[in-house]
Amino acid sequence: MNKITNKVSILLILAGVLACQPKGPATVTTSDAAGKVYVAPGQYDEFYNIVSGGFNGQIGVYGIPSGRLFRILPVFAVSPESGYGFSEETKPMLNTSHGFVPWDDLHHIALSTTKGEHDGRWAFANGNNTPRVARVSFESFRTEEILEIPNSGGNHSSPFITENTEYLVAGTRFSIPMANKDVPIDSYKENFKGSISFIKVDQESGRMNIAFQLRTPGFNYDLSRAGKGPSHGWFFFSCYNTEQAHTLLEVNASQRDKDFIMAINWKKAEEYIAQGKGRVEKAKYAHNVYDEKTHMATSTIKEEVVVLDIKDFPDIAYFIPCPKSPHGCDVDPSGEYIVGSGKLAAMMPVFSFTKLQNAIANKTYDGDFDGIPVIKYEAALHGEVKKPGLGPLHTEFDEKGNAYTSFFVSSEIVKWNVKTLEVLDRVPTYYSIGHLSVPGGPTSKPHGKYVIAYNKITKDRYLPTGPELTQSAQLYDISGDKMQLLLDFPTVGEPHYAEAIPASLIREKSRKIYKIEENENPYAAKGEAQARVERKGNEIHVYMTAIRSHLTPDNIEGVNVGDEVYFHVTNLEQDWDVPHGFAIKGALNAEILIMPGETQTLKWKPQQPGVVPFYCTDFCSALHQEMSGYIRISAAGVKTPLKFSTGTFE
Amino acid sequence: MKKLQPISRLALAVSAVLMVSAFFVPLWRILMWAPQYPEGLEMKIWIDTITGDVRTISALNHYIGMKHIEVEMFPEFTYMKYIVMGIMAIGFIAAAIAKRWALYAFALILTMAGIAALVDFYLWGYDYGHNLDPKAPIIIPGMSYQPPLMGTKILLNFTAFSGPDIGGWLFVLAAILVFAAIFYEIYFQRKKI
Numbered sequence: 000m001n002k003i004t005n006k007v008s009i010l011l012i013l014a015g016v017l018a019c020q021p022k023g024p025a026t027v028t029t030s031d032a033a034g035k036v037y038v039a040p041g042q043y044d045e046f047y048n049i050v051s052g053g054f055n056g057q058i059g060v061y062g063i064p065s066g067r068l069f070r071i072l073p074v075f076a077v078s079p080e081s082g083y084g085f086s087e088e089t090k091p092m093l094n095t096s097h098g099f100v101p102w103d104d105l106h107h108i109a110l111s112t113t114k115g116e117h118d119g120r121w122a123f124a125n126g127n128n129t130p131r132v133a134r135v136s137f138e139s140f141r142t143e144e145i146l147e148i149p150n151s152g153g154n155h156s157s158p159f160i161t162e163n164t165e166y167l168v169a170g171t172r173f174s175i176p177m178a179n180k181d182v183p184i185d186s187y188k189e190n191f192k193g194s195i196s197f198i199k200v201d202q203e204s205g206r207m208n209i210a211f212q213l214r215t216p217g218f219n220y221d222l223s224r225a226g227k228g229p230s231h232g233w234f235f236f237s238c239y240n241t242e243q244a245h246t247l248l249e250v251n252a253s254q255r256d257k258d259f260i261m262a263i264n265w266k267k268a269e270e271y272i273a274q275g276k277g278r279v280e281k282a283k284y285a286h287n288v289y290d291e292k293t294h295m296a297t298s299t300i301k302e303e304v305v306v307l308d309i310k311d312f313p314d315i316a317y318f319i320p321c322p323k324s325p326h327g328c329d330v331d332p333s334g335e336y337i338v339g340s341g342k343l344a345a346m347m348p349v350f351s352f353t354k355l356q357n358a359i360a361n362k363t364y365d366g367d368f369d370g371i372p373v374i375k376y377e378a379a380l381h382g383e384v385k386k387p388g389l390g391p392l393h394t395e396f397d398e399k400g401n402a403y404t405s406f407f408v409s410s411e412i413v414k415w416n417v418k419t420l421e422v423l424d425r426v427p428t429y430y431s432i433g434h435l436s437v438p439g440g441p442t443s444k445p446h447g448k449y450v451i452a453y454n455k456i457t458k459d460r461y462l463p464t465g466p467e468l469t470q471s472a473q474l475y476d477i478s479g480d481k482m483q484l485l486l487d488f489p490t491v492g493e494p495h496y497a498e499a500i501p502a503s504l505i506r507e508k509s510r511k512i513y514k515i516e517e518n519e520n521p522y523a524a525k526g527e528a529q530a531r532v533e534r535k536g537n538e539i540h541v542y543m544t545a546i547r548s549h550l551t552p553d554n555i556e557g558v559n560v561g562d563e564v565y566f567h568v569t570n571l572e573q574d575w576d577v578p579h580g581f582a583i584k585g586a587l588n589a590e591i592l593i594m595p596g597e598t599q600t601l602k603w604k605p606q607q608p609g610v611v612p613f614y615c616t617d618f619c620s621a622l623h624q625e626m627s628g629y630i631r632i633s634a635a636g637v638k639t640p641l642k643f644s645t646g647t648f649e
Numbered sequence: 000m001k002k003l004q005p006i007s008r009l010a011l012a013v014s015a016v017l018m019v020s021a022f023f024v025p026l027w028r029i030l031m032w033a034p035q036y037p038e039g040l041e042m043k044i045w046i047d048t049i050t051g052d053v054r055t056i057s058a059l060n061h062y063i064g065m066k067h068i069e070v071e072m073f074p075e076f077t078y079m080k081y082i083v084m085g086i087m088a089i090g091f092i093a094a095a096i097a098k099r100w101a102l103y104a105f106a107l108i109l110t111m112a113g114i115a116a117l118v119d120f121y122l123w124g125y126d127y128g129h130n131l132d133p134k135a136p137i138i139i140p141g142m143s144y145q146p147p148l149m150g151t152k153i154l155l156n157f158t159a160f161s162g163p164d165i166g167g168w169l170f171v172l173a174a175i176l177v178f179a180a181i182f183y184e185i186y187f188q189r190k191k192i
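Top to bottom, those sequences are chains P and G. Here the first sequence is numbered in numbering that gives the first Met the number 0, starting from 0 and rising by one per residue. Here the second sequence is numbered in numbering that gives the first Met the number 0, starting from 0 and rising by one per residue.
Hints in this document: simulated from the structure, not taken from any laboratory. Being a predicted model, the structure only gives us computed values, none of them experimental. The C-beta atom is built at its ideal place from N, Cα and C for all residues, glycine as well. Take these hints with a grain of salt, some might be off.
In silico BS3-like pairs for lysine-lysine, Cα to Cα no more than 30 Å straight-line [stated by the list, open to error]: (1) K385(P) / K134(G); (2) K2(G) / K386(P); (3) K455(P) / K66(G); (4) K66(G) / K385(P); (5) K386(P) / K399(P); (6) K152(G) / K481(P); (7) K192(P) / K134(G); (8) K152(G) / K455(P); (9) K385(P) / K43(G); (10) K2(G) / K375(P); (11) K386(P) / K152(G); (12) K2(G) / K98(G); (13) K66(G) / K458(P); (14) K455(P) / K134(G); (15) K134(G) / K2(G).
Restraint ranges, calculated between C-beta atoms of paired labels, are given here [unchecked claim]: (16) T151(G) / E421(P): 28 to 34 Å; (17) K385(P) / T151(G): 24 to 30 Å; (18) Q606(P) / E69(G): 54 to 60 Å; (19) G400(P) / M149(G): 51 to 57 Å; (20) Y125(G) / K310(P): 55 to 61 Å; (21) K134(G) / N357(P): 35 to 41 Å; (22) E69(G) / P466(P): 25 to 31 Å.
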């Protein structure tokens, strides 16, 4: 009898236990977070955050700690808002060997450094899809240069830079047959090669050119970092798909327990190039430069590159085994430690540059791959971070000897000590962090203070906006022992890598206007007296000026259907923050925004006769609504006399 | 053998009737949470099918080499409904016979069926969690992913919970009714003596 009551009560208890299911992960809230991110109206943020836009092809400029978005800089994507890629002056910026490519996938940012520290000169960015690198000026916050990368199948391990901005690199994510060879896809092992371009940066102008290309085994080259301090002169690249698979990489490129980190002695490569040992190969690629004086871009097609095959030069390249499909490959501020983040591995190896050098000196090799020595794993290993989390991707560093690694699968940031390899703290991210950024994190002198997470999934963090949700970043305070979540802020595009730099390094040199007397655009009208309309065959050139609150000329006649009308608009203002815009009805391209002292050109082809208005699109003054004009379009063949005026009534 | 009290016969009949629910509501559920899935993923096991976020769960689990969950994987779904119908029939027959041995027999059958179901579920879970594709992208040495039989278990970035759903609870209630009837019968008889 007792037994039976027991049975019943056991059932009831069981029912009780099963009724309390665990709750989902708890949300983190902190009480003093608001004060730490509040930047009072009219006050400035402490850091600029230069954030890649991923598939929007742009760069977002945010303030830290407020998370406020200041500007979206068009780099590899056309911007109808500013006219970038639509104005005649900027169209050449997006020229490539394939023609005009109006979009790209911008993943990584590299800010220029001197002696390993931020110097606030330029930001570099990669175009992943049609391989390109870009340089953005911190004076104008504009894209000044785009260089196409030949022999590349996707420019992912780019544009990481050396400590004095001597070089930036462009490593191919997808290996391909060189020189556009037509071969069967399943001849991958035989015909496909990797290619790593070293792009020399002119220290004065910032101009880029491909100094040389390394020909490497056919793998996927994922990410990269330059050595610094003692390891200056070396570059490290994570390699996956050392299985050399060409189909279902999800499975076939995940079979080997260890892939590689490729260590490149670029100083040695530089020497070989100086000795003339590089071989010149034919390659077609575009080099586009925007001139600040003429306000015009020019595109030049280059014809050749200098190539070194790493297997012909035994002391340039070494492979360090790294588990498993490494993604991030990050060098600590001292330059001694290299962190490999095997995205499928259950631990994280940290390699020592000193040990690597010893292993090379003593030839502590574990055979070779394609003629390249493979260093014995243990010989280069400083140690392993045990059970750090799941899916390690990227590591940034603070000034106190700590590392911060992002974990995609377990959706967290893990703080650990670089020397002791001890895990110190972990915080959840919402959700599935990709890259992360500590101000100055990749430099020799991190500024610390914050770590910013760039997440891949936002899900329930913001008000829903249909199937497509906002992307987001999260700001954490790292000044104490424990990381503390301060702020979620939405980002545009999909943020990949980003860097944060003290505002003091950039703010003062930000350009306010272009001086009108320095305007060398051949189509500039540097005063209303120069405003005019000229016909050259079926081209109509309107040399137009804009100043508060009128356009000159604002009445134009004598244009026919079939003509091509070029509106060269010069903004005569010399005052900060007075851009003018120009738009005309029926334009098949976009508007243009013209900064003070600048000239930009919008091409327009009238399709039908009539009188067409045009106007200023950027609210410039109290009489902005009056800033407009008319162009009369006559039918093809009608001989209306060419006339133009402003403020005169006949 | 003693004849059953009317109330016990009623309990037997109600117990059998309760099992009709198996054809209309889910019997078991598995819930999973991950940092990226704070709202949870759910899998419901019915008498002849599986519903819920099965596709999402399979898509996530393939990284670690777990099988794609398909209804066809479970032969149980083809015959489970007949077993339940059989048990129900036995319940009604026992109520009709109205003998204590029939009550005991039914309780025994019910208990055995419950245990068999759990063992079957355990064996499937063991195979699902251990029999992994050796070519899986993520292989963590020594790690297996058997879902919990009942209760909560942490598996990598997922917290998994397994337990009865409405149908399962109704089965538990059916069993309680039967055991309550046994308890009542024994208690009633002793009082009479």
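Now for the hints, and whether the structure bears them out:
1. K385(P) / K134(G): Roughly 24 Å separates the two Cα atoms, so the pair holds.
2. K2(G) / K386(P): 65 Å, violated
3. K455(P) / K66(G): With a Cα-Cα distance of about 26 Å, the restraint between K455(P) and K66(G) holds, given a limit of 30 Å.
4. K66(G) / K385(P): 29 Å, holds
5. K386(P) / K399(P): 22 Å, holds
6. K152(G) / K481(P): The given pair, whose Cα atoms are some 27 Å apart, holds under the 30 Å limit.
7. K192(P) / K134(G): 26 Å, holds
8. K152(G) / K455(P): The hint holds at about 27 Å.
9. K385(P) / K43(G): Status violated; Cα separation ~37 Å.
10. K2(G) / K375(P): 82 Å, violated
11. K386(P) / K152(G): Given pair K386(P), K152(G) holds - Cα atoms ~18 Å apart, limit 30 Å.
12. K2(G) / K98(G): Roughly 5 Å between the alpha carbons, so the hint for K2(G) and K98(G) holds.
13. K66(G) / K458(P): At roughly 27 Å apart (the allowed maximum being 30 Å), K458(P) and K66(G) satisfy the hint.
14. K455(P) / K134(G): 27 Å, holds
15. K134(G) / K2(G): 63 Å, violated
16. T151(G) / E421(P): 28 to 34 Å: The hint (28 to 34 Å, Cβ to Cβ) holds, given that T151(G) and E421(P) are roughly 29 Å apart.
17. K385(P) / T151(G): 24 to 30 Å: 25 Å Cβ-Cβ, so the 24 to 30 Å window holds.
18. Q606(P) / E69(G): 54 to 60 Å: 58 Å, holds
19. G400(P) / M149(G): 51 to 57 Å: The hint (51 to 57 Å, Cβ to Cβ) is violated, given that G400(P) and M149(G) are roughly 47 Å apart.
20. Y125(G) / K310(P): 55 to 61 Å: 49 Å, violated
21. K134(G) / N357(P): 35 to 41 Å: For K134(G) and N357(P) the Cβ distance comes to about 37 Å; the hint holds.
22. E69(G) / P466(P): 25 to 31 Å: 27 Å, holds
Hints 2, 9, 10, 15, 19, 20, counting from the list given before, are not met by this structure.
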